[in-house]
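Q: Protein chains in written order, with our numbering: chain H, 1 to 126; chain S, 1 to 470.
Some hints could be false.
Stated by the list, open to error - Some chain S residues close to chain H (C-beta under 8 angstroms, calculated; not the full set):
1. Asn-86
2. Gln-87
3. Val-252
4. His-254
5. Thr-257
6. Asn-258
7. Asn-262
8. Met-265
9. Gln-268
10. Thr-269
11. Lys-288
12. Thr-290
13. Val-341
What the hints assert, rightly or not - Quick list of simulated restraints, FRET-style, between CB atoms:
14. H:Ser-2 / S:Ile-276: 21 to 29 angstroms
15. S:Pro-406 / H:Glu-41: 27 to 35 angstroms
16. H:Gln-71 / S:Leu-409: 36 to 44 angstroms
17. S:Val-273 / H:Ser-2: 19 to 27 angstroms
18. S:Ala-312 / H:Glu-24: 52 to 60 angstroms
19. H:Glu-24 / S:Gly-284: 14 to 22 angstroms
20. H:Gln-71 / S:Cys-293: 34 to 42 angstroms
21. H:Gln-71 / S:Glu-391: 24 to 32 angstroms
22. S:Pro-406 / H:Lys-46: 48 to 56 angstroms
23. H:Glu-41 / S:Leu-409: 23 to 31 angstroms
24. S:Ala-312 / H:Glu-41: 46 to 54 angstroms
25. H:Ser-116 / S:Ala-312: 40 to 48 angstroms
No wet-lab data here; the hints were simulated from the structure. Every residue, glycine too, gets a C-beta built ideally from N, C-alpha and C.
Each chain, letter by letter, is given below.
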Amino acid sequence: MSKPTVMVIDDEKIVGDMSKYHLEAAGFEVETFIDPAKALERFKEKHFDVVVTDLKMKNIDGMEVLKVVKQASPRTQVIMITAFAHLNTAIEALRGQVFDFFPKPFKIKDFVASVSRALESVPPAA
Amino acid sequence: MTIKKTLILHGAIIIGLLVLTGVFAVRDVGNLSASSRYMEIQERLNSSFLEMRLSEKNYFLFKDDLAIDDILVMVQAAGETLDSLNQDMVRAIGLQKYQDLRLALGQYRQQVERIATGKSRDEASENILREAGRRLMEVSNRLTEDERTKIGALITKTKQGMLASFLLILILAVFFTPLIYRRILASLNKVSQLAMDISEGRFRKIDGPVSSDELGAVIRAMNTMSEQLRLREDELVQSRKLNSLGILTAGVAHEITNPLNNISMIAQTYEAVYDILPREERIGFMRKVTAECERIQAIVINLLDFAKPKVASFLCGDVNDVVRRTLQLVRNMLDVSNIEVVLDLAEGLPCVRMDEHQICQVFVNIITNAIQAMSPGQTLAIRTKPAPGYEGVVIDFQDTGKGIPPEILSNIFDPFFSTKGVDGTGLGLSVSYGIIKNHLGTITAQSEVNKGTTFEIVLPAAKPMEDDDE
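Work the whole structure out from these sequences, hints included.
A: Right, here's the structure in full:
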């Protein structure tokens, strides 16, 4: 059985690097991107079970990523992370659309647990 | 002396002179009129005396007693005239001359009566009569002549008095009136120049001694106002800076939270993998932590530097450096709003004498406005170039935002004018305008709705003297 796939998009390289380490240790296959445009290109080529994306990025923001991902693959779960902890209205608007929301800085343990839960909650393919 | 007192005094002197001239004129005309009345009486008396002398001649030629009677009648009539006009004549010629005339007429009458009564008709008596008649005529003629001279003198005196008054009024009008108005106008000119400077944002004072009149009070009040406005402007600059700081805070929080999160993630990972990490990789982890700490420190220093109130210090500097430093400060705002900046900075620009912090603040204000006017993905072009003749530097900020409607474009530099409702103080551009004016530069805006706005700032180049310390 192939490993569950996770895509991490954040323009902070360290977030991608550290997430990759912990998620791989938890048994996921992980690809990281600092450029959301490249990430979405990759998403067209390959299915990912979970997409972790930063909210505010250059060129394309997390909302746009969410829209594209959900359109292309409604079963893919999206987890949002952001340094804008005060964007409560934006977070509320995302409830129901994203699986989880992590304001920076966050506990990696909670983050990995959330990704695992997201995988478990992936609705079965039609 | 106050202007009010000066004007009252000036008016009072002219009115006083006019009244005096009038009083003297009325008095002189009164005297002339009295003299003219007297002259009429005197003419009548003279012709009466002449007739007496004619009758006297008839008596001597023809020994006609009727002639003597005629003389008596005429002497009687003349005496009555003198009695009835006694007061008028005394007033006109004085008591002495009146008595002289009276005496001469009395002596003549006496002599005529003697002859009439036949008491003495000898040659000696007739000689006395002739002598008395001659004296009477002489006194009368002398009085007429005196009065003519007096009238002539009076006319001359009146003319001279009128001329002197006219000249005095003329001198006052021609020399002193302009002096008073020149003094008022000179002060008004100073005040209007100061008002003009204040309206253009140059809060200077009128130096030198200030007069104690009303305009002096106005100048003192305007000096105080100018000083107050300068202080208020400093406060506005600071308040606007704090407002910009508020706008920057969201970006700054994001900017600080990111390295903080990085440190947090490194630390958590480090803890998890510590036992299996070789020494080199542990050092690698710690170096990443140090680098992230330096990122935070740089942000904090920038922020503190921006917020700190500063006394303006004008030094020669490179505008391009200030543009680059400003971009560092707003980089995160631009990134999170997804605004691309296109830089076109000319090389070899002339040095500009400026307070770099204040100019940086102006740039932050304009860039903040541009960001707020644009949608994600739009472009802000920042260009620098030398002004014609290398007499300054032109800095253009061209956004592709929603633009400013033409009907409000002329108000954007007014204090408290804002199109952003509660999100704007309406002070940013007004403070920027003040700062640029203070640098003797200009700031203008051109805009087209839905196409974008371009702010053009021109700062004059430092004069060679200013940056030549040798």
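Q: With 21 to 29 angstroms as the target window, see if Ser-2 (chain H) and Ile-276 (chain S) comply at their CB atoms.
A: Roughly 26 angstroms apart at Cβ, these two residues keep to the hinted range, so it holds.
Q: Double-check Val-252 (chain S) for me: the hint is only fine if its C-beta lies closer than 8 angstroms to a C-beta in chain H.
A: violated (11 angstroms)
Q: Holds or violated: the 24 to 32 angstroms window for the beta-carbon distance between Gln-71 (chain H) and Glu-391 (chain S)?
A: Given range 24 to 32 angstroms: violated, Cβ gap about 57 angstroms.
Q: Hint check: is the beta carbon of Val-341 (chain S) less than 8 angstroms from a beta carbon of chain H?
A: violated (12 angstroms)
Q: Does the hinted range 36 to 44 angstroms hold for Gln-71 (chain H) and Leu-409 (chain S) at CB?
A: With Cβ atoms ~42 angstroms apart, the hint holds.
Q: Check the following: the C-beta atoms of Pro-406 (chain S) and Lys-46 (chain H) are separated by a distance inside 48 to 56 angstroms.
A: holds (53 angstroms)
Q: Is the distance from the Cβ of Glu-24 (chain H) to the Cβ of Gly-284 (chain S) consistent with 14 to 22 angstroms?
A: holds (18 angstroms)
Q: Does the nearest C-beta of chain H fall within a distance shorter than 8 angstroms of the C-beta of Met-265 (chain S)?
A: Where the cut-off is 8 angstroms and the nearest Cβ of chain H is about 4 angstroms from Met-265 (chain S), the hint holds.
Q: Hold the hint about Lys-288 (chain S) up to the distance rule: shortest CB distance to chain H must be less than 8 angstroms.
A: holds (7 angstroms)
Q: Quick check on a hinted range of 27 to 35 angstroms for Pro-406 (chain S) and Glu-41 (chain H), using CB atoms only.
A: The hint (27 to 35 angstroms, Cβ to Cβ) is violated, given that Pro-406 (chain S) and Glu-41 (chain H) are roughly 44 angstroms apart.
Q: Holds or violated: the hint that Asn-86 (chain S) contacts chain H, with Cβ atoms closer than 8 angstroms.
A: The hint is violated - Asn-86 (chain S) has no Cβ within 8 angstroms of chain H, the shortest such distance being about 120 angstroms.
Q: Using the Cβ atoms, figure out if Ala-312 (chain S) sits within 52 to 60 angstroms of Glu-24 (chain H).
A: holds (57 angstroms)
Of the numbered hints stated above, those contradicted by the structure are hints 1, 2, 3, 12, 13, 15, 21, 23, 25, listed in ascending order.
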